[in-house]
Each structure stands twice: as structure tokens, then as C-alpha cells.
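In case you want the letters, here they are:
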Amino acid sequence: MIKRAHRVGSELTVVGQPQRKIEGLAKSTGRAIYTDDLTLPGMLHGKILRSPHPHARIVSIDTTAAEALEGVHAVVTGRDMPITYGIIPWTPDEFPLCVDRVRYIGDGVAAVAAVDEDTAIRALAEIRVEYEELPPFLDPFDSLAADGSTPWIHQPKKEGRNGNITKHVHLEFGDVDGLMDGSDVVVEGEYHFEGTTHTPIEPHCAIGLFESGGGPGGKLTVWSATQVPHYLHRELARVLEIDPARVRVVQPLVGGAFGGKSEPFDLEFCVAKLSMKAGRPVKILYTREEVFYAHRGRHPFHMRYRTGCRADGRLRSVDARIVLDGGAYASFGLVTTYYSGQLLCAPYAMPAYRFDSTRVYTNKPACGPKRGHGSVQPRFAFEVQMDKLAERVGLDPIDMRRLNFIGEHTRTVNDLRVTSNGFLECLDAVERSSDWREKFRKMPFGQGIGVAGSTYISGTNYPIYPNDMPQSAVQMQIDRSGRVAVFSGASEIGQGCDSLVAYIACEELGVPLDHVRVLRGDTDFTPVDLGAYSSRVTFMLGNAAIDAARKLRKMVCEAVAADWEVKPSEVLLAGGRALWAPDTARQMTVREAFNLAEARFGTLGATGWYDTPKDVHGEYRGGTIGASPAYSFTAHVAEVEVDVETGFVDVKKIWIAHDCGRALNPVLVEGQMEGSAYMGFAEAIMEEHVFKDAEHGRGGLHNAPSLLDYRIPTSLDTPELESLIVESIDPEGPYGAKEAGEGPLHPSIPAIANAIYDAVGVRLDRLPFSPPAVWRALEAAASSGGARKPAAPGTVEVTAPRP
Amino acid sequence: MAHRAVTTSMPMPRATDVVRLRVNGDLYEVGVPAHYTLLEALRYELLLTGSKQGCDKGDCGACTVIIDGRATLSCLTPVHEAEERDVVTVEGLASADGPHPLQDEFDLKGAAQCGFCTPGILCSAAALLARTPDPSRDEIREALAGNLCRCTGYTKIFEAVEGAAARLRVE
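Protein chains in written order, with my numbering: chain E, 1 to 803; chain Z, 804 to 974.
Rather than coming from a laboratory, the hints here were simulated on the basis of the structure. Careful, some of the hints might be misleading.
[Stated by the list, open to error] Label-pair restraints from in silico Cβ distances:
(1) Z:ALA933 with E:GLY218: 51 to 57 Å
(2) E:ASP139 with Z:PRO881: 58 to 64 Å
(3) Z:LEU850 with E:HIS192: 28 to 34 Å
(4) E:ARG517 with Z:ALA933: 54 to 60 Å
(5) Z:ARG972 with E:ARG711: 32 to 38 Å
No experiment lies behind these values; they were computed from the predicted model shown. Quick reminder that beta carbons are idealized off the backbone N, C-alpha and C, glycines included.
Bound conformation, chain E alone (with noise of 0.2 Å):
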């Protein structure tokens, strides 16, 4: 069942309704192809030999008795790649396999090509690598404060520049100080999220395959479970030394990603150097402790926030200051601390905004972006901020939210152009739904209830790269079936994108599902998208999938309009036929349309592309980050109940409320709304990436890199989730459609967190809320007099000031 809090009515006939996945059914009778599932004749399988020291200088490397291994194809070494590769075009800091230094436990040496994977697993054992260790950074407080008198993770880009820090940024936007100090209420908070990985259950693999001859250079083909395969194929060209036209990247099925397989990784460069070496196809799979060590997750945030206000609740000014604890290398690190800041600055107004982040270097592994880079740290602290300021000016929290409202078709205080906003109707929507009013400070001590609200990006305006081509593009022909193929190089990581084109086919052409095929994921023949991340793909994808459907129809809608000698405006494709508007009783098959659109224009096919507004971001260093073409808007009412003795809280049920601009398929929708907010609940009570110090085992080594001790909700902790679609119908968006796979996941954290506070009247501002921090932030609380019921808020009507 389909509930909508807020639904607009329309004329679409498919967009907008419950359809089925294109590759639902071969998923669910185990047909789709993963990149594991794929066997090459001749193939060979790889390992990768990773760094036992978390800082160490590589001295020597012996491959002898390895390569002498019978059954042993190919060895290489990182002096066999000596290229540095990165994400960000202006950070590229990773060897695809170390030269001289290693940087995290696991960061890898050496790789082998073996006749089977268990004579790849004895020839690592027969390379012997000479190090010398160096002392390691594993809290990022040390890495800042490091004088050089021992070295640095990164030689510094300056000298006299401390190498240990990757980003620093600083913005501020108006009188920050004066307005605290004018403020009524000021609240003073320190938060601290510790680190959280994406754990896809399926781990990483990449097959290569070279082929030399044919003319000089060959060519290599690489499978991969990459969420961005465009700059996976840049990066092996660029690294590798071969022509960009030679390399081809081709993407099976992806069995999740989360932001985990958003940049190339070791295995990518290792199976293609192999394949080189060894003239024959090479497959690596990681082992799910190497997708830990992989890792490019969450980034431990170590924050303050000072939060002012006046006594009628209005926010005057914020001011953060935030460490983030990058890891070893850069990853999208330059990213994530703009982020850090620059999305926090909606829902609400804000008349004056300032923050000072820093990432740092540590010996562990790299940071990256995990679904809702790099704000679903800052979303935390500052949620929990707007409860507590509610709580001293006495306003409801949800009062205290529609107060604040920023409003539609304005500018944040950091000068992001923020088109529809539906962020009222999801305050409005949790509220009623979850019967806010009558559980909200009303509910027995022990049982408790939260609100949190949050916005994010539908994509960003500006690529990774600087470059003024597209952003995301389809080719579509259509054929005398009366079939419609769609050629897609947008990344299926399960959120629905290769059905998404297949429906926007179907609303613009009239042709039933299961006449549209999508070819997909391989850059061979698809046109280039930038990838699964930022939520962009519905946004972008969308909107060229139209572009390119609705050239096709014009030319059908004339062919049928010459043939009956009506207007082309009067011809309807849809349900499987074109229509004469006037009368439908005069119709045509789609088919036969189709055919006569070919004999008046020859073969049919367009291509259709979307490009993201250039002009609309912040003049300042860094405006162009977080500048995006549309904002989603969710609210979330988390019940809990927490258990005093034990300290473990109960997460009985998510109310999750998300302005999606329109659902274009309400079931993928929902699932990305349930599947964000059970993510966030992870986070907020489970989650927690963490590595021994040296007091407890190795330093640097991972504490649980297992599926069984990093502990991932199951069926039986998961909390009931109700999904609440708003649509706010976006001007810019694929029929109004904004993004739903990252949005969603935000406010689970500070909602539950909030809820805590209303059950137990206990603040926890460190992640996560496990019974052993629950219980002693408990037991504190009675050596001071013992945990109650906070007081309820006054009686204050507030009315939102509605646009």
C-alpha cells in the first residue's frame, strides 16, 4: 500500500506508479551476473599481499621465490604502476600498489596471478617484503599537532606545511559573532561520530583482460563492481599509460555500494598490470576482511557547535568547528570537508554561518563517502543542537523546526539556490502519523520519541572534474517491433536507475514495460554518465532519458499526424498505442507507428543529454560545493525505548517523511526511504569502525572486520520503518523529481538520539548509542540526582511562516 502525505495529481500514465524492476525477476530467480559470477576461459585468480605495519618504509621486495611458484602467472609490485591515482583530480596520493611507503594495515605491496586461488594464497606467502617501520598516527589529534620530528603520512604539498593535514576550509557568512553575542540563547555542544562503513554484501571483484596485437597498445577490458565506472576508465588509462580509447570498462550488476565502490581501488589497476603480464584474464575478489580494509567510509567527525537563537526560537547564528579523521590517503576527502559544512545550511534560516574544518591524515584506512557524504555527521550534531535550544526557549521540537523553515525558491545563507521545498509537509506528515502530540514528553520514563529534519543534494553542479560536456546521458532507438532500446551508462547499484529509463521510455512512447531494453554498464557503447553518487542519477539520468525519448516521439507524433492528416500535437503515444486525441477510437497499434515514423525518417534513434546549471552557486573559494540543481527534504519521528538497567534502547518504530519531488516509481521510492533510515539506525545504535591502540593488540589493526563482529543490523533489529512520500514537483526535475537514496538516511541519527533525551532525559552526543554508552551515560546521570523525564515544553503557539 502506497501512502502519500502530499500527493499531486498529474496526467502521467506510467511515472508515478508502482511498476516492476527491469532485472527484478532475474535477480529473484538468481539469473543477474555479478562480476564473480563471470568465468573467462584461461582465467586466472589474484591476490593481493597487504602491509602487516601501519606505517612502514618499504626497503625491499622479493618476488623470486613467488614467481618460481608453479602455477604462478605474473607478480607485480607497485614499481610496476609507479602513477599515483585519486578521485579528486587535485589529490592524487595512492599508489595502486605502494612504492616506497606503506600508509594503513592492509595497504597492499604485491599481487600474484595464480593458476587457482589456492596457489595465488601460497605465492603471496613466498614474497618477502623488508620493512621499516615508522611510528604510526592513529588519532587524528596527534596528526594535527605532529611537529615533523617524525615523518609525515604525506610529504607536505608546501614545505613548513604540517603533511598530515589533507583539507582545511574556513567559510563564514554574516556577523557570526555579533549575532551570537546578541543571541538569547546560546547552546554549547561537543559531538563526536565515530567511523561507519557501507559493508555491500557483495565484496569488491574486478576481472581484467588485456589483449595485445591487433596494432600497437591492445587493449584492456576491465570488469568491475564499480559505482563509477567513467572514472574508473579515466584512472586505468591515465595510471596504466594506455589510450582512453583502448581501455574498456564494463560494469556487471553491482550487489550494493553505498558510496564503497565509488572510486577505483587496488584490484582494478592489479587484475589489468596481471593480465598484461600474463597474456590472460585475471579475477580478484576481495575477502570481506579486505572490504574493511578497503573501506573509504564515514569519517570519524569531532565537532563543537555553538548554536544561538532569540526567545521566540528564530535561529541568529551558528559556528562549528570539526575535525575529520581521514585515514591514510585523500580518497574524496577535499570533498568531504566542504561538506562538512556546506549542506547544513537547510532546512532552516540562518542569518549568519561560519565553520572551521580539518581533515586529517591517520594511519587506518582511507575515508570516503558513505551514503550522504560527509553532512550525515554535521546533521547529527546540529539536530540535537536545534532540540536542545527548543527545549531552553520551550517550544516544541517540531514547532521549533516550522519556525526556522527557510522557505522555497530562495538562497541559503552560503548561497545555494534551493528550488521547491516540501520540508513542512514532512514536518506535518511525521507529526500526524506518529501522533506527536500526544507522545511527545507525554510518554511513561523509559519510553521516549524524537524529531530530526534534514536536506540534501539531487547531484552536484559541478562533475569531479572540471569539464563543460554533459553530465549524464542516453542513446535510444526505436525499432520495427515495436521495441524501444535504451543505451545506458548509468551505474545499477540497486536503487532502480536501469528501470527509471525504461519507464521514462515507456510514459514518452507509449510502449509497454516489457518492450523497452535496457544495455547497460558497459563504456564501450554506452554514453557517459558520472556514476551512482551524490544522489544524482534520477535527477540527471532522468531528465536526459526525456530529452532523448521526447525527440523520438515528436518524430512518431508527426508520422502518425501525417498519415491520419491531423496535428501532430493531437496524437497521444500511450498503454501500447497512438491515440488521436480529439477521438481515441482512432488508434494505431505503437508498432505500426513506429514503423511509419521509420519510412519518413529513416532509422530511428536519438541521443539525449542533461547538464547541470553553471550559474547558480556562490562567489566565493568552495561556492561551487554543495551547489546543486535541487534539494530534497526529509523529517523523521524515531520512538524508542530504552532499557535502564541494561543501557539498550529499543528503536520500536521510524517515521520517515521525504520530499522526493515526485516518486517516479512510489515502491523505489519507499525503498529507498526505508532502506536510508535503517542505515542511519545502524549508525546511531550498532555501527562503530574502530581499530586497536597499541594498548589493546596491534595498533592500527582493525577491531572486527567481519560481518559477525561489526555488527550490521539483521531482520530482528531492524525497527518498523512507514514511509511518507511527499512531492513537491521540483520545476527542474524529471517531472518534478528530486533524489531519495541518501536524503533519507540523516535524520534516523539525531531523531533517535532526541528520543533517548525525551525517554530517559539523557543526552548522548557520541556515536553510537550501545548499551555500554547508554548505561553510563545513565548511571552518571543518577550520581547527579538520577535520570528523569524531561519537563514538557510550554504552551507557545507558533505558526510557520508559510511562503
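Keeping the supplied structure of chain E fixed, place chain Z upon it in accordance with the hints.
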């Protein structure tokens, strides 16, 4: 897979055995290294790649198959233990008439996002419905507790299992 003599200080870790496997109703004789798990035999020898390897140590449930009616982790089942027993994989759930109602409901209800955990979950769910045709939500939660899904938050999976149970009771 090729198996050859090797000249190394390390001993050969395995021998090749012939095992008899009854999978999805067919009897196969396959030569496998003695240390193989059922999952490896299914994926590498029988090319039944529907069963997935997510962790290879019994934590995630993506490799779940049905052995003699019980949902079982094939990555923790030595291949010899599956000999002469009745193994059903995700590929064996459908019939010539079409997909199993569970498979169809997973598609209709949006219960498979990335789809990687789906084969294992379907096997756990099919084993549940075979013994409990009308399961409560809590019985479904319990039956799927060994299968991690990272995409859906499980809600749509519960709905799909309930939908399939209702269809199977009518049939």
C-alpha cells in the same frame, strides 16, 4: 580448475575427490578439491552462480540453500556433507510454469534492490513457507535473521514473503 604437481617447500593442501551431488533434482558427479564447500562446488563446478558469496564464513547468509528442507549456509557446508542429500538453490525454486510466487512477489514488492542477498533470503523464506504456510511477521523476522540485507531495511522483504504466503495458500 587445473590441478598440477608443484615444486615448492609447501605441501599440496588438497586432493581431488569425486562427489555425488543432487541439486535441484539432478544428480551430478563432480571432481572437487577436498576442502571445497558446497558453495564453491555450486558456483565453480556446476556454474550455479545464483548462490552468492558475501563473507565466506557464515555471517551474511547470501549463500543460503535448502538442504533436505532446511535453510543451510552452503559456505559452511563441506561439500562431502551435501553428498546424496537433496539440495535446492535459488535456481531450483522456479518451475517450467514460471517463477515461484516468492520470486514474483520479491519483484512486485521491491524486495530486491541490489539483489545480492536475495537468493539466500528466498531460500530461507521458501524453507519457512514449506513448514509454516501462514507465518506471522515475527516468524518471518525469525526465519530471515541469518540473512543480512544492506539495502531494504527488510520491510519490503517481509511484505513480499507475506504476499507469497497468501498466494501459495490459495494455489
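Next on the checklist: Hints numbered earlier in the text: which of these fail when held up against the supplied structure?
Outcome noted: 2, 3 and 4
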